[in-house]
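Participant: Okay, here's what each chain looks like letter by letter:
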Amino acid sequence: MKIAVTSQGDTLDSQIDPRFGRAAFILVVDTETLEFEAFDNNENKNAFKGAGIQAAAMINDKEAKVLLTGFCGPNAFKTLEAAGVKVANDQSGRIIDVVQKFKQGNVIFADGANKDSHW
Amino acid sequence: MIISVASGKGGTGKTTVSTNLARSIDQKVQVFDCDVEEPDSHLFLNPVIEKKESVIAPVPEIDLEKCSFCKKCMNICRFGAIAVLKKDVLCFENLCHSCGGCFEVCPENAVMEKERSLGEVEHGSSNGISFIHGRLDISQVMVPPIIKKIRSYTNPDIVTIIDAPPGTSCPVIAAMNKADFILLVTEPTPFGLHDLKLAVETVRILGIPHGLVINRAGLGNDDVKIYSEKENLPILMEIPFDKKIAKIYSKGQMVVEQLPEYKEKFQNLFNKISQLVEKGRQEK
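From first to last, the protein sequence lines stand for chains X and G.
Numbered per numbering that gives the first Met the number 0, the first sequence spans residues 0 to 118.
Numbered per numbering that gives the first Met the number 0, the second sequence spans residues 0 to 283.
Just so you know, these hints were derived from the structure itself, not from any lab.
Source: prediction; values computed, not measured.
Here a beta-carbon is modelled for each residue, glycine too, at the ideal position from N, C-alpha and C.
Check each hint, because a few of them may be wrong.
Going by beta-carbon spacing under 8 Å, a handful of chain G positions derived as facing chain X [stated by the list, open to error]:
#: 1; residue: M73
#: 2; residue: R77
#: 3; residue: F78
#: 4; residue: L84
#: 5; residue: F91
#: 6; residue: L94
Okay, chain X solo, but in the shape it has when bound (with noise of 0.2 Å):
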């Protein structure tokens, strides 16, 4: 299964990015085999408005079904409900930590955003 993780660098060393729309990088990894892909999240952290829509999107279209971030706001997590990604907040650590902690099932999903978006 792939799951995306916000992270602040590109290996699976770095820590969360607790952003999501504006993370540094978005990995996309594969929980079987722990093989992944690097996004360089940099034209949406940059964005002027709708980052975190914009990353939704970028998770749908990599086939990623899980999210695991810091803080989702209202419009990133209406476009991640649309597109059937599940969303775990409040992460913190080594991606590869969180990724164990995801496939031990000890991560809870979101009903709704953490955070107020941004004007």
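Given chain X, work out where chain G should sit, using these hints.
Facilitator: Just chain G, lined up with the frame of chain X:
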């Protein structure tokens, strides 16, 4: 003649100057409160509102039967307001600036125009002053279309006084553009001066004759005066930092009605503006 009253910094006295100027001149006048995020001229003019109309703008709605999910609409959207998913397309109305790009680029004709309300415009009158102001809807951010709607009611045969929003961004440009004169209201504080400089730079790009009112004169320091001298910026009026004026303002009353000696001062201000406008026309 269109006089736009602007400032840079907020809270310097744009509304005080606009409303008292309108009340003082012996000519037919219309007041447009274009600070549609927080209009307040009505608090002083107390107009009787006779008509309301809503301001609408198009937003996209996607016909999923026609859509080929090519993402052209998503990619052209500068505001990230469209998300093209595998089998669905989401449009976020509140982020949309109604630029029309998505309608243009869609190869399938799948982007339909839906209307949304941005705000409303109210028309009224107050003791002979014709009054119009706008009010932005809660959660909306697109201000210029409302200002343009207000300004579409400009009567070229009478004096129009525009109470502009603070700042120097798009709403301010919409409230200053094509005015005959821009009256900048500042206060003699470092913050007032900082934002005045930005406002002056903006006005110079627009190429419109302009002058300065110093409100709360006596407060702060002389830096605004030094700046205006250096920049050849005429100081047309000074309103002193006076507790009497603050009290009148706080009760929603007009300075020119409570302190009649100010009527002449505002008439003088209007005369100076008229002369500068005339001078500007001759120079062209």
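Participant: Tell me if G/F78 is really an interface residue toward chain X, meaning its C-beta lies closer than 8 Å to one of theirs.
Facilitator: Result: holds, 4 Å to nearest chain X Cβ.
Participant: Against chain X, is G/M73 within 8 Å by beta-carbon distance?
Facilitator: Given a least distance of 7 Å, the restraint on G/M73 holds.
Participant: Checking hints one by one. Is G/R77 an interface residue toward chain X, by the C-beta closer than 8 Å rule?
Facilitator: For G/R77, the interface hint holds, since the closest Cβ of chain X sits about 7 Å away, which is under 8 Å.
Participant: Please verify that hint: G/F91, Cβ, nearest Cβ of chain X, below 8 Å or not.
Facilitator: The hint holds - G/F91 has a Cβ within 8 Å of chain X, the shortest such distance being about 6 Å.
Participant: Does G/L84 meet its interface restraint, that is, does its C-beta lie within less than 8 Å of any C-beta in chain X?
Facilitator: holds (5 Å)
Participant: Per the CB criterion, is G/L94 less than 8 Å away from chain X?
Facilitator: Holds - the Cβ of G/L94 comes within 8 Å of chain X, reaching about 5 Å at its closest.
Checked against the numbered hints listed earlier, the structure breaks none of them; every hint is satisfied.
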